[in-house]
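Number of protein chains: 2
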Amino acid sequence: MRSESVFAAILAGGSGQRFWPLSRELSPKQMLSVFGQESLIAQAVHRLDGIVDRDAVYVVTNERLFDELRNHLASHPDRSLHDLRYLQEPLPRNTAPAIAYAAATVELVDPDALLVVLPSDHVLEAGQTWHECMSAALRLAAEGYLVTIGIEPTRPDTAYGYIKAADALPAHAVGDALPYRAERFVEKPDLPRAEEFLAEGGYSWNAGIFVMGAARVLAELEAHEDTAAIAQTSRWLAAAQAAGAVDADEARERFGALPGISIDYAVMERSDRVAVIPSALKWSDVGSLVALEEIAPPDALGTVRVGRGVDLDTRDSVVYSTDRLVATLGVEDLLVIDTADATLVAHKDRAQDVRHVVDALKDQGAEEVVQPKVSLRPWGSWTSLLAGHNFQIKLLELKPGCKASLQRHRHRSEHWVVVAGTALVTRDDERVEVHANESIYIPVGASHRIENCGKVPLKVIEVQVGEYLGEDDIVRIEDDWHREG
Amino acid sequence: MRSESVFAAILAGGSGQRFWPLSRELSPKQMLSVFGQESLIAQAVHRLDGIVDRDAVYVVTNERLFDELRNHLASHPDRSLHDLRYLQEPLPRNTAPAIAYAAATVELVDPDALLVVLPSDHVLEAGQTWHECMSAALRLAAEGYLVTIGIEPTRPDTAYGYIKAADALPAHAVGDALPYRAERFVEKPDLPRAEEFLAEGGYSWNAGIFVMGAARVLAELEAHEDTAAIAQTSRWLAAAQAAGAVDADEARERFGALPGISIDYAVMERSDRVAVIPSALKWSDVGSLVALEEIAPPDALGTVRVGRGVDLDTRDSVVYSTDRLVATLGVEDLLVIDTADATLVAHKDRAQDVRHVVDALKDQGAEEVVQPKVSLRPWGSWTSLLAGHNFQIKLLELKPGCKASLQRHRHRSEHWVVVAGTALVTRDDERVEVHANESIYIPVGASHRIENCGKVPLKVIEVQVGEYLGEDDIVRIEDDWHREG
Chain A
631 MRSESVFAAI LAGGSGQRFW PLSRELSPKQ MLSVFGQESL IAQAVHRLDG
681 IVDRDAVYVV TNERLFDELR NHLASHPDRS LHDLRYLQEP LPRNTAPAIA
731 YAAATVELVD PDALLVVLPS DHVLEAGQTW HECMSAALRL AAEGYLVTIG
781 IEPTRPDTAY GYIKAADALP AHAVGDALPY RAERFVEKPD LPRAEEFLAE
831 GGYSWNAGIF VMGAARVLAE LEAHEDTAAI AQTSRWLAAA QAAGAVDADE
881 ARERFGALPG ISIDYAVMER SDRVAVIPSA LKWSDVGSLV ALEEIAPPDA
931 LGTVRVGRGV DLDTRDSVVY STDRLVATLG VEDLLVIDTA DATLVAHKDR
981 AQDVRHVVDA LKDQGAEEVV QPKVSLRPWG SWTSLLAGHN FQIKLLELKP
1031 GCKASLQRHR HRSEHWVVVA GTALVTRDDE RVEVHANESI YIPVGASHRI
1081 ENCGKVPLKV IEVQVGEYLG EDDIVRIEDD WHREG
Chain B
631 MRSESVFAAI LAGGSGQRFW PLSRELSPKQ MLSVFGQESL IAQAVHRLDG
681 IVDRDAVYVV TNERLFDELR NHLASHPDRS LHDLRYLQEP LPRNTAPAIA
731 YAAATVELVD PDALLVVLPS DHVLEAGQTW HECMSAALRL AAEGYLVTIG
781 IEPTRPDTAY GYIKAADALP AHAVGDALPY RAERFVEKPD LPRAEEFLAE
831 GGYSWNAGIF VMGAARVLAE LEAHEDTAAI AQTSRWLAAA QAAGAVDADE
881 ARERFGALPG ISIDYAVMER SDRVAVIPSA LKWSDVGSLV ALEEIAPPDA
931 LGTVRVGRGV DLDTRDSVVY STDRLVATLG VEDLLVIDTA DATLVAHKDR
981 AQDVRHVVDA LKDQGAEEVV QPKVSLRPWG SWTSLLAGHN FQIKLLELKP
1031 GCKASLQRHR HRSEHWVVVA GTALVTRDDE RVEVHANESI YIPVGASHRI
1081 ENCGKVPLKV IEVQVGEYLG EDDIVRIEDD WHREG
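Quick mapping for you: the protein sequence lines, in order, are chains A and B.
Count along the first sequence from 1, add 630, and you get the number used in the numbering used here.
Count along the second sequence from 1, add 630, and you get the number used in the numbering used here.
Keep in mind that the hints are not guaranteed to be accurate.
When chains are identical, the list treats them as one kind, so a pair holds in a single copy or across two.
Okay, derived cross-link-like pairs now, DSSO-like style, lysine-lysine, Cα gap no bigger than 30 Å in a straight line [what the hints assert, rightly or not]: (1) K1024 to K1003; (2) K1003 to K992; (3) K912 to K818; (4) K978 to K912; (5) K1085 to K1029; (6) K1029 to K992.
None of these hints come from the bench; they were simulated from the model.
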């Protein structure tokens, strides 16, 4: 039907500080599986089913997050998420440069390409309404509109942006999706104004979901002096990337020099070609830990609890524990968020300020703001159990049929004790089956690999001993997932 | 000087539920090292230096706590605490039966014996005043008085008992310690009454410290119908114990049938032979987690913090973390108590109700109310790192020159990986030195023992694999500490 090819850019460069300690710098909010059956980013990918072919989906992230994000998606049971395309911004520079980079990349494939832009860390109900919205949006985008999906506001929320609709564009309706020209954008209004918007009608929440021609959005950026460099640098970077000739330092320098502004501010608020499709989709930007209130029914005193423990006389609070025991007594309006290695106790009204806690902890050099306790790998995961002086204990879990990379270490030996399943271990020239309740020793310098050759999950206790135990002491010789270094 | 021998009974049967999660059933408040350089019970023993010979000190506890308490004291650097005498009540029955059992025991050694009774879980400043109080108390006790040490009240505390002094007994003064006859005892008055006591003067706090003739206190108990059985059963139990002929079932039955009442109620409030020695000793019964307010200076907003993390806009709270990262934001009047495996968040005003939290968790079968994460042993300690299905990981730490018992297991194999120090391992007929970065395997059923044969602490990662991993799967063949089973 449509001659233009359709691509998607899932924006996944956010660090999600406001979800600490559930989120970490290297395991940000989009990787949380708290809201629904799968992580927010996996939900975002699946939201594109039937709209964008899987191999036309780009996950836009930055160099720092790339490896963790790919490991995360590669560990999803749906194998179609294992080989997504990734774009790595040389540095995080807000949404306008991220989208421009994606647009420039797909423009090289098809100058008429349409681009669907989705946040990676929101909750949004898919279904018929969603598909009608996207069909209408793609038709409008093919005609040169910059389309945004508006969410019908259900409360005068002051944390969201609002879009005012002007005249309808009935010719582009699809099912119940009736587009309008957009009159104006208003960022985070104060409460009286937000209440006014709801009373007046015709306003939608800006959900950060856009559909537009790749060339169109680049042209809009080029049309303004303060954003032209965003388009130019993105085209340069996309071309260099396509030619396999990116100079990393130059890329960082040029990309880093771009203004770090949002697509709303750079394009949507300025252009007269913006259309909005209001819809009553169930959506949340999951903007703070208070969103956890929605994931379980409250008890008689209004407290939502997930995890082991008790709440006595605890009112209107959220108590969330990933695995440890947490008890509360006689408190109210609290967020008590507990993970294996860190706990946050905050007043609910201060949920937006959790990032200040993260900043303060960063100043202390706290590793717990960066590293998650469990690190996902394409083959499974590892969990840090204890870090001592000159030794470290991990639990490795490998999925049946999966193997870690063939590697060696310059500074550490490893003792592997298999506690469940059966491992096939390569150690230099040997290949040895190691069964539950057996162990094997990997001396410093020996090339080694572990593989789950059985039919059940393989669990191995790894005791590392050495003078240096950093994750970067790893020489990968061979890797199913083409990881380097 | 004195012909009567002097003994001490340190009452250490308390379960200290109000200090959860710092305290556990098997690691109660008296074993906490939070208040001062050593645990409260070690402080209690050392408080007797120069007053009671070490081999005349009895730690009175119950069967359930005995092993943990002895392990705890046996791991103290002061070796004179390793071989204290212990009295095990067949069941916990409050202070009157506990003291009577100690009195009956020392009465067998010397019918004129004097007995100093000390709680094991209080904080009390030692020094000259303390010694003068005890000298005066021993003189009075030798003349048949039941002596209690009174603490000069500094605030109208409603959680303490009060003692009203009558006429002075100047003949028995020692230094500044001037004893009085006691007029009456008042348990936990309400606030107006407590304020009245302070205004009126002549009242002391009842610190639960007593000095009395062993025969005297037994006679006082025998003099009343409702307490006579306490004296009789205690004498029967002490005699059976001395003869090495205790029938455990009969002991439990007879001791369990005794009224579970306090010595205050059973004797001190009734007798006309009670003397009080008021003193300005610094004392606290450390009655709830709020006592943690005293262990570090508060920040500018009145919050006391111990452990890693930050507090932003947190007022008048206590944030105590043993090893994990804890952050607070915008809260006030909270107790946030964090341990390796459990966290409590409570309003300060509810500190007395923490035991209800413990009860509720017990109903859930939560192991975290019973077991501490780190278990002390005479030879060092073990820390539980991970309990999985059919496997379990522990960190063993052995002090130089110490060895665990020679033992075997019926259900589990053990892999020992030495990560620091050098171990001498006995495995059936072998004796093998295992060095750092080496491992050894102990099959099911093999008799084995680990010994730190080096000069530095030995650290071993123990991976247990088996169908049953309970602590009670242990057959001790030989043990330096004469532990059984």
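Against the structure shown, which of the earlier numbered hints fail to hold, in ascending order?
Hint 6 alone not satisfied by this model.
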